[in-house]
Amino acid sequence: MKKGIEVSIAASIAAQLARVEVVAAYPITPQTHIVEHLSELVADGKLDAVYINVESEHSAMSACCGSSAAGARTFTSTSSQGMELMHEILFIASGMRLPIVMAAVNRALSSPLSIWGDHSDIMAARDTGWIMLFCENGQEVVDSTIMAFRIAEDRRVLLPIMVNLDGFSLSHVIEPIEFPSQEEVDAFLPPYNPLYTLHPDKPLTMGAYAMPELYTEAKYAQEMALINSKDVIVEIMNDFTKAFGRRYMPVETYNADNADFVYIALGSIGENIKTAIHDMKGQGKEAGLVSLRLFRPFPADELLSVLKDKKRIAVIERAMPGGAANAPLFQEIASLMYTNGINVKIENYILGLGGRDVLPETFIDIYDGVAHTGSTVPVKEKNYDVIGVRG
Amino acid sequence: MAKPMDQYKWHELNVGCVIEEVGNASEYLTGDWRSSKPVWTDEKCIKCGLCWLYCPDAAVFRKDDGLFTANLNYCKGCGICAKECKPGAIKMVEEER
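So the protein lines, in turn, are chains A and B.
Position 151 (the first sequence) corresponds to 152 in the working numbering; numbering is contiguous.
Position 48 (the second sequence) corresponds to 54 in the working numbering; numbering is contiguous.
The shape of chain B in the complex, shown without the other chains (with noise of 0.2 Å):
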């Protein structure tokens, strides 16, 4: 957006609120809704990328290694990645903040 969104006046909306902008959404941090984060031990891992797989915001991503993490500004901490990891290698973390 051309603006934060609580700056913009009902007059400069678009008609129906229609968005020009393709792909804004990323400039909306998800991740400040998570109250526990995934934390890898690579160890463990087998790089066979279910996390990546069921992540439902996309925010899992695989490194140059093979070795996967999440993008915390868009992860919502679901605990999907930690559920479905075979081998345990992901644990949810309390987030401090």
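Chain A on its own, in the form it takes in the complex (with noise of 0.2 Å):
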């Protein structure tokens, strides 16, 4: 049966049939009611977990560390200038190999102050050795939360992962969420068993230093196990649909079989795009959508295997390059497709920043190529578009 329930609240719930151990984080806006709604189920007792409020996220992603080494299960959330506050620790954990699984509710950054949706903060994180999943709906978030910890604590993975959910467009929207039963959840995910505890009886060294003669090991161990995790996540992925029924894939598409035309692009925007590709089919304009599910590690096979015959793709992402030649998502499809051979046009399209609304209709003006700057200044050369900026 489903309930409509607001889903940052349903990310907790997530975490609580998880059974979570320990939870760390900082309640000061830019947080959600993700931790807050955590605080009083630990409170009330209806999650036997710790719940440690620290005085900044970069001591709530130091605490997960900590506790995720003395193995408990650990969970936390962050958005915004709280991710960045914790970029630091972000790579300790994923160097340490620590699974630790954190809701990332994606969300501008400052300056101009913001706290409303688009990709600034996690494309900022975006090399920081995290596995990082992206949601396109409420269902998607819970469903991913209790993955994420199976797929975290494997032992062939052993790696923090982000679950990705829009800023306000997914995280403060009330939507029908069907949860597992705790049964079900406790049947598909075991309790954490460590490799690695600390503990007194049994004294290790945990995050050391590495000499020049170890760190490009040390590094290299650590991007194979990234690499590697790909297969384990299909696998974990196939056994959630299993045992719950819904199909999850790290490339997810629609329509694109149909399609010489497809619109790349990561979380809940792929929902307004689903609606356009519908509506434009009524004009008779076929276009599909490639939504990635899984973007660390990044998954090259299976979207060239959907983009190799594609003629024309339009990439499209919430976040400026800061001087790059173009948007981050847009670089990593142009090399995939250059280092394969695959000679395709590509277009880079930049929208939804700060929160401002993405109506279906500007994806069908980017299908038609109308879609405008609103510029009126003339640019010389042009890697990008910003949809709707005035000029």
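Just so you know, the hints here were simulated from the structure itself, not pulled from any lab data.
None of the values given here were measured: they were computed from a predicted structure.
No residue lacks a Cβ here, since even glycine has one placed at the ideal position from N, Cα and C.
Just to be clear, a hint being listed does not mean it is correct.
Now the stretches of chain A that chain B is said to cover, found in silico as 3 or more residues with beta-carbon under 8 Å [unchecked claim]:
#	stretch
1	96-106
2	195-207
3	221-234
Grab the two chains, each in its own frame, and use the hints to assemble them into the complex.
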């Protein structure tokens, strides 16, 4: 039975169903109801966990590293500036191979001050060595959170994982969501059995330093673990389908088989694109959507098999390139196409920054090649379009 | 360590580079970094132990006769002992190798 519930609250219930043992978080804007509701669950005795109320996001992730190293199933959530403040520790969590699960509520970064949704925060954290899943709707947030613990804690993986959900357009929206029972989740997700723990009976060193003779080997081993995690992720997604009936894949498509033209996007904006694709069908226009459920490790093979025969690709992004030639996802798609000898027209569109609404019509305009930037300033060399900017 | 650092292959490292062997930092001889070493003039030493107390690497130790010296395998030559020695019994001498 489906229940109408705010997606942030649903994410915290998913963590509760996963029987998290430690939550460390900093409860200030841009934090969400995710950790607020978890603190209520712990205070009300409905969740047998330790809730560590720390003094900053840097400390939140540090405390998560400590509790995960001690062998506890660990969860936290952050967003926007909070993710920036924990940036340093994100690398430490992945380097130490600690299977922390974090709900990353994707929002804009200051300045100018904005707490609205876009992908500025996660794009700045994309190469921190974490596994990254993206969600299109609230059901995917719940399912991904439950899957995330099993992926992260698998002995073949042992890496931290972020479940990305769009700020406001998912985090603060009430959606109909189906929750599995505690028994079903327990059957799918066994208790965490850590490989190493900090314990006085068996002293060991975690997070030691590596001399130049070892650092390259250490980072290579970490990178291999991240790359090789993809097969385990696919296996666990398939297990999830068997257990709960909902199907997940690293790359998901909508009408992509029928179309020469596809949009590539991350997160909830995919649902607007689907609406546009559906509307266009009535106008005799065929377009498809390629949605990356898995962003890290980058699902290159899955993308290639979908994109290899396409004539035109529009990469949709919600972050500024910061002086780069293109926005981040475009660069990875373009590099994937080029290194595999595929010559295809790829366009880069930046939209939905800082909570700016994006209507399905915009994607029809992109298809028609008439999506305008509004700018009256002639641009000599242009690698991307910023949709809707007033000129 | 079971073998020198530069002989480990990437897949031989523990997950997360966890070190299961206790106290193996002592195998790494940090005295190699030194450019000058402390030399004690025992006649001036009043056996106060400040050099032993201040040494950040615990490289200074007390000998059976109550006087002090440094284990040059670990002394990095920082000179804190010489700076803190009130009677001036320690001089930093440039290493010749």
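Results of checking the hints against the structure:
Counting residues of the stretch 96-106 of chain A whose C-beta lies closer than 8 Å to any C-beta of chain B gives 4; at least three are required, and the coverage claim holds. Only residues whose C-beta sits within less than 8 Å of a C-beta in chain B count toward coverage, and the stretch 195-207 of chain A has 6 of them, enough to reach three; the restraint holds. Evaluation of the coverage hint for the stretch 221-234 of chain A: fulfilled, as 4 residues show C-beta separations to chain B shorter than 8 Å, against a requirement of three.
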